[in-house]
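*Asks:* Model the full structure from these sequences, guided by the hints.
In our numbering, the protein residues as written are 24 to 342.
Keep in mind that a hint or two might mislead.
Calculated pairs, BS3-like style, for lysine-lysine (alpha carbon to alpha carbon, straight line, at most 25 Å) [unchecked claim]:
{"no.": "1", "residue 1": "Lys302", "residue 2": "Lys288"}
{"no.": "2", "residue 1": "Lys288", "residue 2": "Lys48"}
{"no.": "3", "residue 1": "Lys218", "residue 2": "Lys288"}
{"no.": "4", "residue 1": "Lys128", "residue 2": "Lys48"}
These are calculated hints, taken from the structure and not from any lab test.
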Amino acid sequence: MSEFLGNYVDHQMTSPFAMAQHSAKIKPIANDLARRGVLLVASCCRVEVYGQEHALRNIDSRIFSGFPAERIEGAPTIIQRLAEIASGARSQVLGDNFIADQLGKAIGLLDPNLPIFQMVRLAIDIGRASRERHRFIASLNYYHIVRDIIADRFPNGELPDRLYVIGADMPIRELIRSGVGERFRSTTIVTRNPKNLRKRLRAWPDIDVAFTRPAEIGHAREPRSIVVIAWADVNDEYQAILQRALLRLEPRTIIDMTSNPLLSKEEFVNSDYVTVHDKEFLLAFEENNKEISPKLPVLLSDINETLRAAQTYLSANGP
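*Replies:* Following this line, the structure appears as structure tokens:
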């Protein structure tokens with residue numbers, strides 16, 4: 024039996040929506056697994072665990088409950104898979120621009136002296152280097168998709184009212200700086216703590232927005248407004264507050280850019296609720312993958328050759 028094992032399920036083995044929901048449920052146990060020497064990779068497209076055999080022996084059975092998980096064995100096989108993930112070759116959006124950073128954050132929970140930490144670090148380096156060599160980088164820009172959706176909802180030159188953006192992290196700043204809000208009368212960021220966010224954004228003087236709490240919106244209906252949800256790391260209480268506020272607001276469209284939709288479509292009978300699992304996003308994903316997929320075989324071959332070269336070097340120069 025191999026010393027290192029891995030178990031995984033991803034979007035290619037089940038529906039992306041089911042995968043995103045399950046991943047969100049599993050993420051909270053990442054710290055507990057890390058203390059036991061187990062790496063958890065739980066992104067929007069996957070749930071995967073890696074470590075030494077003894078560490079994986081008694082992992083929580085809920086991690087893969089109801090899913091057709093695959094098992095892989097041996098350090099070289101694990102490094103190869105993780106390198107392919109880091110390169111964006113195993114993402115729903117081929118050439119994913121963020122997955123390598125997500126892997127880097129995942130190993131940040133582990134003891135850096137563990138062999139699995141070193142294996143994943145090597146995999147990330149190999150994957151990133153191969154990605155750069157072959158320019159395996161997604162052409163997809165989520166903000167262009169959002170602009171297209173907004174244009175579709177306001178045909179014939181109709182002017183929208185206000186753009187509401189929920190969230191306060193880097194994706195929000197990039198969304199606003201992309202010019203998505205140019206057609207609107209104003210742009211408002213909805214946040215629990217406007218004062219703190221205003222301070223954080225002082226370094227971005229080109230961002231002209233207002234700030235408000237969710238309880239302060241929706242006192243009047245705004246049927247020509249658009250809401251973009253770009254961050255869903257909220258607790259149940261805050262989620263309920265947001266839902267009530269948006270139900271009062273009744274915007275024309277809610278665009279939920281999170282992999283695990285924050286709210287329920289069924290609740291918003293008077294608004295158009297669009298998620299990344301709906302056709303407008305899926306068609307864009309398909310177009311990106313069609314454009315970049317010819318590079319995939321060469322990328323995978325490069326990763327494989329790099330890993331074999333590393334193994335040969337280590338065998339020749341090992342103790």
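*Asks:* If any of the earlier hints don't hold here, list their numbers in rising order.
*Replies:* Number 3 - this is the single hint that the structure violates.
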